Each structure stands twice: as C-alpha cells, then as structure tokens.
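J.: Sequence:
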Amino acid sequence: MGIINATPDSFHAPSRAGVDEALRLADRMITEGATILDIGGQSSRPGSDLGNAEDEMGRVMPVVDAIHRRFPDALLSVDTWRAGVARAAVEHGAAMVNDISAGTLDPGMLVTVAGLHVPYIAMHMQGTPATMQEAPHYTDVAAEVTRSLSDRMAAAHHAGIADVILDPGLGFGKNLDHNFTLLRELPRITALGAPVLVGLSRKRMINEVLDTKPADALNGTTVLNTIALLNGAAILRVHDVHEAVECAVLVRYYSS
Numbered sequence: 196m197g198i199i200n201a202t203p204d205s206f207h208a209p210s211r212a213g214v215d216e217a218l219r220l221a222d223r224m225i226t227e228g229a230t231i232l233d234i235g236g237q238s239s240r241p242g243s244d245l246g247n248a249e250d251e252m253g254r255v256m257p258v259v260d261a262i263h264r265r266f267p268d269a270l271l272s273v274d275t276w277r278a279g280v281a282r283a284a285v286e287h288g289a290a291m292v293n294d295i296s297a298g299t300l301d302p303g304m305l306v307t308v309a310g311l312h313v314p315y316i317a318m319h320m321q322g323t324p325a326t327m328q329e330a331p332h333y334t335d336v337a338a339e340v341t342r343s344l345s346d347r348m349a350a351a352h353h354a355g356i357a358d359v360i361l362d363p364g365l366g367f368g369k370n371l372d373h374n375f376t377l378l379r380e381l382p383r384i385t386a387l388g389a390p391v392l393v394g395l396s397r398k399r400m401i402n403e404v405l406d407t408k409p410a411d412a413l414n415g416t417t418v419l420n421t422i423a424l425l426n427g428a429a430i431l432r433v434h435d436v437h438e439a440v441e442c443a444v445l446v447r448y449y450s451s
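The numbering used here puts the last residue of the sequence shown at 451; the count rises by one with no breaks.
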C-alpha cells in the first residue's frame, strides 16, 4: 500500500502531493508494484487537530478523481475517519476505506461503509491525533489492543461490513516500548482471523532507536517491515514501494 498524502504537513515531505505530484507518485508506485494506493487529506501526525470536513474533501477529492481517471484499474483507498469523505471518495473511484479511529470518531462511519460494500481498515488509536502521544498508557498493550480490535471488528461486522482489515496503529497512542511489543506480538492480532495491515514507514519508533530523521529511515523501515511480514502482516503501508515489494518477495521466498 503506497502512501499519497494530499496534506501540507505530512511528517514525510516527499509523500505530500497536490494533483500533479499525486499523479507522478501514483505512476511510480504502480510501476514499482503497489497493490493499493492510500490517499489521505487530513494529517494524523501527533499533535495535529481534527481539521474540518470541507478542507479534507477539498484536498482528497481532486486527487482521487485524477488518479482514478488516469489509472482506472488501480485499487484506491481513502484514508479518512469521516463518513461523508469516505462516501464521496468511493463514489469517485476509491474502493477501500482506511479509518484511523475504527469508527469511533464518526458514529456514522460503519453504517456508511457497509452501504458502500467496500473493504474497511480498522485501526487502533488511543485518544486522538491531538492527544495520543501526551502520555499513552496500557497495563498490557498487546492484550488491550487485540481486545479493542476484536471489538471494533465485531462492530463492523454487526453494521454489515463484510471485509475488515485490522491495523494495530503503531505510533498512534503508543510509546516506543508499546510499538515494539505490538510488532513482536503481532500474531495475537492475526489470530483474530482478519488480514493485518502494518504502517511503520519512517516512523518515530525507527528514528528514536537509530537517532535519525524520517528522511534517513528507509533501512530501518525495511528491517521492521521484514519483521512485520514474518509475524503475519498481510499489508505494508509504505512511502517506499520498491523497497517494500523487494522485502515482501524475499520474505515470501524465505517462508516457502
């Protein structure tokens, strides 16, 4: 899953894209082997506010429209927690909804996605982007995140969503130890029976350990993506598609 951010403040500058740059990114990612393109118009970096629907719609829709027209066979995902944005994006070509709140920030999200008949990615987050990194706390992070994802998957199924993908939400209301514990304990989440997505590309959990910046975190990303795949991840959400595809090919060969 290649990341295309239609936002002005994504933490990784090369993923920020208006329409023209989004088309260039999409072309490159598809050529490099991306299965899904994930388009977001609302920053969820730590400390960011929730913004407003009008701004998010204004960023996302032109990009979804343009990519769908240029690459009609590409599988597009919309990264949003707002039901209205999800509906509009799917009506204009998106075929998947990626929700950082697993339906907790917009009560209408689950019913909306059920009516759209598209796969739904439910991510775990403690708090909101504005507050999530202030003081994340768990007694048993693996058990609590697994239980929460199980509950959100049940809620999604109850609403009528057939295909649910789970995301432990690395970096979303977790400190360094929480993130690495979840990566190590990923089989507990895969045991829930749904495909698991892991998004750790160039994140702080890499930069803190290696004392580096996002721009220099590709090697660290590849190492942790390898661990995620070996522990059962089915989808990698990444900025660097070529490297992630090579990683997946090698892990698949090793595991066979």
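Rather than coming from a laboratory, the hints here were simulated on the basis of the structure. It should be emphasised that the depicted structure is a prediction, and the values quoted were computed from it without experimental measurement. Hints should not be assumed to be uniformly reliable.
[To be verified] Restraint ranges, calculated between C-beta atoms of paired labels, are given here:
#, residue 1, residue 2, range
1, Glu227, Asp260, 19 to 27 Å
2, Gly322, Glu403, 35 to 43 Å
3, Val306, Ala386, 22 to 30 Å
4, Glu216, Ala349, 33 to 41 Å
5, Tyr449, Gly253, 41 to 49 Å
Glycine included, every Cβ here is placed at the ideal spot set by N, Cα and C.
J.: Determine whether the Cβ-Cβ distance between Val306 and Ala386 falls within the hinted range of 22 to 30 Å.
T.: With Cβ atoms ~28 Å apart, the hint holds.
J.: Given the hint of 41 to 49 Å, check if Tyr449 and Gly253 actually sit that far apart at their C-beta atoms.
T.: 45 Å, holds
J.: Just to be sure I understand the hint, the distance between the Cβ atoms of Glu216 and Ala349 should be within 33 to 41 Å; is that true here?
T.: 39 Å, holds
J.: Starting from the range 19 to 27 Å, see whether the pair Glu227 and Asp260 falls in it by beta-carbon distance.
T.: Since the Cβ atoms of Glu227 and Asp260 sit about 23 Å apart, the hinted range of 19 to 27 Å holds.
J.: Holds or violated: 35 to 43 Å for the Cβ distance of Gly322 and Glu403?
T.: With Cβ atoms ~19 Å apart, the hint is violated.
Taken one by one, the earlier hints fail for this structure only at number 2.
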